[in-house]
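Engineer: The residues making up each chain are set out below.
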Amino acid sequence: MTASTASAERAPLPAGLDTAAAGAAMHALIGELYPICRSITGDGFRQTLARLKQEIPLEVHEVPSGTAVFDWTVPREWNIRDAYVKNSRGERVIDFRRHNLHVLNYSVPVHSRMSLAQLRPHLHTLPGHPDWIPYRTSYYREAWGFCLAHRDLEQLPEDEYEVRIDSTLQDGHLSYGEFLVKGASSQEVLVSCHACHPSLCNDNLSGLAVAAFLAKRLQGQPLHYSYRFLFIPGTIGSITWLSLNEERARNIAHGLVLTCLGDRGGFNYKKSRRGDAEIDVAVAHVLGHADRPFACVDFSPYGYDERQYCSPGFNLAVGCLMRSQHGQFPEYHTSADNLDFVDAAALGDSLAKILEVFEVLEHNRTYLNLNPKCEPQLGKRGLYAVTGGTNIKQRELAMLWVLNLSDGSASLLDVACRSGLPFAAVREAADLLLRHDLLAPVPQRGAIAVGRS
Amino acid sequence: MTASTASAERAPLPAGLDTAAAGAAMHALIGELYPICRSITGDGFRQTLARLKQEIPLEVHEVPSGTAVFDWTVPREWNIRDAYVKNSRGERVIDFRRHNLHVLNYSVPVHSRMSLAQLRPHLHTLPGHPDWIPYRTSYYREAWGFCLAHRDLEQLPEDEYEVRIDSTLQDGHLSYGEFLVKGASSQEVLVSCHACHPSLCNDNLSGLAVAAFLAKRLQGQPLHYSYRFLFIPGTIGSITWLSLNEERARNIAHGLVLTCLGDRGGFNYKKSRRGDAEIDVAVAHVLGHADRPFACVDFSPYGYDERQYCSPGFNLAVGCLMRSQHGQFPEYHTSADNLDFVDAAALGDSLAKILEVFEVLEHNRTYLNLNPKCEPQLGKRGLYAVTGGTNIKQRELAMLWVLNLSDGSASLLDVACRSGLPFAAVREAADLLLRHDLLAPVPQRGAIAVGRS
Amino acid sequence: MTASTASAERAPLPAGLDTAAAGAAMHALIGELYPICRSITGDGFRQTLARLKQEIPLEVHEVPSGTAVFDWTVPREWNIRDAYVKNSRGERVIDFRRHNLHVLNYSVPVHSRMSLAQLRPHLHTLPGHPDWIPYRTSYYREAWGFCLAHRDLEQLPEDEYEVRIDSTLQDGHLSYGEFLVKGASSQEVLVSCHACHPSLCNDNLSGLAVAAFLAKRLQGQPLHYSYRFLFIPGTIGSITWLSLNEERARNIAHGLVLTCLGDRGGFNYKKSRRGDAEIDVAVAHVLGHADRPFACVDFSPYGYDERQYCSPGFNLAVGCLMRSQHGQFPEYHTSADNLDFVDAAALGDSLAKILEVFEVLEHNRTYLNLNPKCEPQLGKRGLYAVTGGTNIKQRELAMLWVLNLSDGSASLLDVACRSGLPFAAVREAADLLLRHDLLAPVPQRGAIAVGRS
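From first to last, the protein sequence lines stand for chains A, B and C. Per our numbering: the first sequence ends with 1139, consecutive numbering throughout. Per our numbering: the second sequence ends with 1139, consecutive numbering throughout. Per our numbering: the third sequence ends with 1139, consecutive numbering throughout.
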């Protein structure tokens, strides 16, 4: 089955999507996942994968602590039951049960009594946002600590405090979820999201929810590409996957890291390290034909797992799609990134846009005009208006563009970009011309050289 | 005879042109051609060529109906004697004799009586411009119809109408005119204009007039390039010519489609499909050194015969020069595109600018600085001011630029573009340097690679 | 000794520079050189070199008149003792002793009596700046003349004047100064300035002073590049040097012509003919990270000795650094370009910026990330913050950029440009990574291809 056979058999990927309903369902899923205390390892992560398994048949991998993964080592597994700071009257003045951000993520166990002065270096706050609890971690150096609202810190009196973190840090496993939606080709589209953050909705429960719903949507469709979904802990997760799947990574033709897809802002797309990969052009094209401003920002080696996918030894064509950019909205990595901060409509819109991008990738082929000398007579085939006047329809214009540029060097996405027409119009024109034997697919799926080499 | 020999023998092509007189003469020619009812075939087209033959020794070609030309077939020949709609009192309420736009061009013969309701689907108007008659055609599907002012349509009462179109559509010929001004080289500059529109002045009697006057001006000049002028019916004419002259088309080094050159607007140049061909750079250079804003627009496969010349199987370096762009002025393809709409001064200016472009093409060569290590001492050759001060003359600056960039990779047009100097100044500097043995022409006329390959 | 060994041994070139003190010292040096009447040959030039020799161990070359240097010939040597115009009462109405600009530079001897009308063609003024004396020369055609304030010219009555120019123009030598600061490599950085102008401070005593102080600063430093300083007469000096040192010129990897570096304006950098040479990128980078607007202008073959260095037979990577551009400030080539027009602070700033540029050149290397698959774990090496939060330090960001882009194709300057980080931060990051065996230098000093080929 060729790509175009596959594509001819089904409606466009975003067609018929009820974005409002999908958005509401994703928001509800986020609501269920929100209370779980996740980290880069441990049962919170496993619980999260278990819940996602109700949506899609995820395969869960367990990688033992101590496994060498490139320059890194899979860390010991962290689990936590309880944590608090009690005052001398036995009242919990900081209580993990009220919010899991209260504990410095990956804190080693501690149980001790101490003065405020002794406790103080272990307390993290945000003076600029005195009501918000910050999110802090210490994965790779043993430490313990608490995070709290600055206003609460200011009200802590001198006292003798009981400090307890009932956690364990011991050999175990790093868990991650993986799901492959098989298409006709062994070439893959990677969808990766970090699932290690505790109660933070935009970063990155929104990414999890959108990825899960993408996978649900693609399942059972006749697809050209295979789509690989990864639900991994940030950094160590992508390093682990790449280390264990070095050969398989060669099949990744395009990819997106998904995060911060639930807030009400416009889109920000961070380009792959290559900068002009097919995925970069496809995302810019889809966002450019939408009705809202967006930004494409250049790659930088700081951010999410694209850091690893785009490391020079892999240099994969993987970008990162966000609405508001990490670090650029005040709620980022604080307790204010909560269920109110993410919006069902925004989640639905994010899902729809990514499906549009995948639709472009699925159908982006290079064709050869079989009648390259002058235009073919479209009118005699019923493809062209017969009464000459002053206007030309988009469909006809799209056919002229496809015919004119299809010399084997330009993909349909190139035609869309150069003509300013939406990809769907260009692709429909190509399909019409194909059916009239005016085009032939170029055998090698060439498309944009940089994106495919 | 080499190109530079040729060029040295004559004054610049636009030198001494009386643009006012030429403009007036072109306007008068348009006035003579205006009443003729042209179409893509037929006697109106032949009459037009006959009138042009009084200006230049045009060769008239006749291609039989039914001739296969690539994917197309030369259509049957259309001729018309009369056409009208009469009311029940025998009055001509629509009368071809009053304006040839009244008939849907290529209407099949009809003679019948019918009610207004039956007639109505055959009537074309422009509600947005109720006093203008639209121009409509139906070349490739048999149909008949009338075009009229919307205001007149609104006043047509219920009645029984006599409808008559006294036309013939039968095997005959497609006619076109061709004229070659021979230069030293077999490489050609193509000047193409569509001559199939009936009483429409800007589109494209202006193109015909300017092309004819260009040919008159070039005749008898010692030229480097040969200049091929085509007066053809739109679309089918260029397809026919390309089909019958496939080998000859390989000699076309540069080309311009001429249309809409008589209105009072600024220039619009539509670039060739290549986008950076020498003709594209030359036109932009000439227009950029003129005193009026202009626009260069990217190629698109919709417009005039550049669609065929730039089809991927030919991909010729042919752009399209216009003042106002087709479809972007309200008078386009209506009876308002009349003798008042075109202006003698604009026609003269169009002629002058194209001559300037040809002047650039004629003299655009690549030279080698024979003294490439440091500047040669221009002063001792009398080429440089001897008293050092604060200013340098354009002539001296042009010599320095030519010397500096003439390493074999830059043509004089490249030097003009990079220096910001007018081409004429750069060329004069090169001539001076040549005479002082400081330059040598690069044997292969290289110029801009894209434009010549 | 490799480049990086050299660099590791010393502080950055601009470190610890007392720009105020250096600026004051340079201004004082200019003050000493100001009264000397220089020309392209002669004792004034020699006196200037002698004074510079007190600063740096300059080698003085003497090239005999008549020596053929490419297309030119070393001219006869010009010396002048006195010059004046006396009125009939014996009063010096124009007096060389008052200002050496009063004499047309290179005037042949004259002693004669004449009327004002006869004298007039030999008098040069600036009507637009009636109080200023213009600077005029006639090196390559025998002439004599006087320059004076236009206001003074207007007050000259009819009279019989005694005109005397006590000059000699005879076989002698062209003198120039040269100084090489040796570095580890035979590749050179050229610093060239014209030292032929008489009492003109910005153009170009400022260039002389800055060049001399650069040389003083570089002496004794462990350097990668060798730095060649040329103090030459304009045009004929660079032609002479290039002619006598054609082989040596091949070693010039980068270069700067220095002029107009003492005025209070912002920087103007005129790029090399190549336009994207490493020196061009380095200067733009340094100026771009400074706190004041600047401009990079494209190369043109008019200006200073970059005309010769960038002639097509050499095409060296030599740009020209200025503050205000020659010809674009009214004081240019007039008596108003005096000691008040140049500013100690501006001179100090010019010196500091060029040292920063040299610092970039010295350390611009290309490295290979030895751990190219995913990021190395910087945290375990103490190179990365261990508590995850919202911010990242510039040092860490710089390390991530160096690691990500060091695939052998990008130099540190490329990394700085793409990341937007200052070069020093990028270089420090590279040094850290080198010390942790995470990078290896690419054997061939590759850097920017254009700048090195």
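Hints were generated in silico from the structure; no laboratory data involved. Incorrect hints may have been included.
Note that identical chains are pooled: a pair holds if it fits in a single copy or bridges any two copies.
Here are the computed lysine to aspartate or glutamate pairs in the EDC-like style, where the Cα-Cα straight-line distance is at most 16 Å [claimed, not checked]:
#1 902 with 1117
#2 1059 with 1123
#3 1059 with 932
#4 1059 with 933
#5 902 with 757
#6 868 with 1114
#7 1079 with 745
#8 1079 with 1029
#9 1059 with 864
#10 1066 with 757
#11 1066 with 984
#12 1066 with 840
#13 1066 with 828
#14 772 with 848
#15 739 with 840
#16 1066 with 1082
#17 868 with 848
Engineer: Against this structure, judge whether each hint is valid.
Structural biologist: Going down the list of hints, with the structure as the test:
In this assembly of identical chains, residue 902 and residue 1117 lie within 16 Å of each other by CA distance neither inside one copy nor across copies; the values are 27 Å within and 48 Å between. Taking the shortest alpha-carbon separations for residue 1059 and residue 1123, only the intra-copy value of 15 Å comes in at or below 16 Å, while the best inter-copy value is 46 Å. Taking identical chains as interchangeable, the C-alpha atoms of residue 1059 and residue 932 lie at most 16 Å apart only when they sit on different chains, with a minimum of 9 Å there against 47 Å within one chain. Taking the closest pair of Cα atoms, residue 1059 and residue 933 come within 16 Å of each other only across two copies (13 Å); inside a single copy the shortest separation is 44 Å, beyond that limit.
For a Cα distance limit of 16 Å, the shortest separation of residue 902 from residue 757 qualifies neither inside one copy, at 35 Å, nor across copies, at 47 Å. Neither within a single protomer nor between protomers do residue 868 and residue 1114 lie at most 16 Å apart by alpha-carbon distance, with minima of 25 Å and 47 Å respectively. For a Cα distance limit of 16 Å, the shortest separation of residue 1079 from residue 745 qualifies neither inside one copy, at 49 Å, nor across copies, at 38 Å. Within a single copy, residue 1079 and residue 1029 get their C-alpha atoms no closer than 38 Å, and across copies no closer than 32 Å, so neither meets the 16 Å cut-off.
With identical chains, the CA atoms of residue 1059 and residue 864 are never at most 16 Å apart, being 50 Å at best within one copy and 21 Å at best between copies. Taking the shortest alpha-carbon separations for residue 1066 and residue 757, only the inter-copy value of 10 Å comes in at or below 16 Å, while the best intra-copy value is 65 Å. For the identical chains of this complex, residue 1066 and residue 984 are neighbours neither inside a copy (48 Å) nor across copies (29 Å), given an alpha-carbon limit of 16 Å. In this assembly of identical chains, residue 1066 and residue 840 lie within 16 Å of each other by CA distance neither inside one copy nor across copies; the values are 82 Å within and 34 Å between.
For a Cα distance limit of 16 Å, the shortest separation of residue 1066 from residue 828 across copies, 12 Å, qualifies, whereas the shortest one inside one copy, 77 Å, does not. Within a single copy, residue 772 and residue 848 get their C-alpha atoms as close as 5 Å, which meets the 16 Å cut-off; across copies the closest is 103 Å, which misses it. With identical chains, the CA atoms of residue 739 and residue 840 are never at most 16 Å apart, being 43 Å at best within one copy and 69 Å at best between copies. For a Cα distance limit of 16 Å, the shortest separation of residue 1066 from residue 1082 inside one copy, 14 Å, qualifies, whereas the shortest one across copies, 61 Å, does not.
For the identical chains of this complex, residue 868 and residue 848 are neighbours neither inside a copy (54 Å) nor across copies (68 Å), given an alpha-carbon limit of 16 Å.
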